[in-house]
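K.L.:
Spelled out from the first residue to the last, the chains are:
2 protein chains.
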Amino acid sequence: MLIVHVDVAVKPEWVDAFRKATLANARESVKEPGIARFDVIQRKDDPTRFVLVEVYRTAEDPAQHKETVHYATWRNTVADMMERPRESVKYTNCYPDDAGW
Amino acid sequence: MLIVHVDVAVKPEWVDAFRKATLANARESVKEPGIARFDVIQRKDDPTRFVLVEVYRTAEDPAQHKETVHYATWRNTVADMMERPRESVKYTNCYPDDAGW
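For the protein sequence lines, the chains are A and B, in the order given. In terms of the numbering used here, the first sequence opens at residue 16 and continues consecutively. In terms of the numbering used here, the second sequence opens at residue 16 and continues consecutively.
Careful: at least some of the hints might be erroneous.
Copies of the same chain look alike in the list, so a pair counts if it works inside one copy or between any two.
To be verified - In silico lysine-lysine, DSS-like type, Cα no more than 25 angstroms apart, as pairs: (1) K26 to K46; (2) K59 to K81; (3) K59 to K105.
Simulated from the structure, these hints should not be mistaken for laboratory data.
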């Protein structure tokens with residue numbers, strides 16, 4: 016699997032709106048055949064910080080995701096809500112194996 | 016859920032041994048009733064960097080985990096393999112809800 020952690024810092028006044036827009040995106044994203052999980056988590060010690068944990072089945076699937084209407088809607092909706100550009104880091108799974116996602 | 020991301024930088028000569036010890040810990044950890052997932056992922060651009068994604072059902076479950084033999088074995092085995100002290104960040108789940116882990 017290709018796992019992407021997207022680290023987002025949200026302007027405090029936009030936290031609720033960001034969360035709402037991101038959940039709408041997550042609910043549609045998990046319907047994509049190339050996406051095994053699309054978790055959205057929020058830091059306990061700083062609610063303005065989120066991580067999107069995107070689990071893709073193949074290296075080609077992120078590009079497919081970026082062509083969807085829900086991704087474009089999310090990207091445009093949240094563009095001005097972020098404190099700074101979001102940062103992505105790519106990982107591969109050690110555990111569990113591909114069947115465990 | 017309480018989600019803990021543990022960020023680990025491993026000394027290059029210990030990467031394979033760290034991975035082996037961490038997988039052994041993960042396989043036992045997922046048998047704990049308080050642990051929903053225990054993913055181990057490795058950075059694509061830097062294989063010396065790992066994240067343990069630990070998903071606990073309640074706030075009390077990390078303490079239970081730290082009392083297990085497999086945790087103690089892992090902690091002792093990897094202590095000298097790390098480049099610097101590991102860093103943990105706690106999150107709560109926005110998506111999916113508790114049933115989705």
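K.L.:
Pop the pair K26 and K46 into one bin, within, between, both or neither, using alpha-carbon distances up to 25 angstroms.
P.N.:
Neither: 29 angstroms inside a chain and 39 angstroms across chains, both beyond 25 angstroms.
K.L.:
Quick one: K59 to K105, C-alpha cut-off 25 angstroms, is that within a copy, between copies, both, or neither?
P.N.:
both (23 angstroms within a copy, 6 angstroms between copies)
K.L.:
Is the C-alpha distance from K59 to K81 at most 25 angstroms within one copy, between copies, in both cases, or in neither?
P.N.:
Between copies only: 20 angstroms across, 29 angstroms inside.
Consistency with the previously given hints fails for number 1 only.
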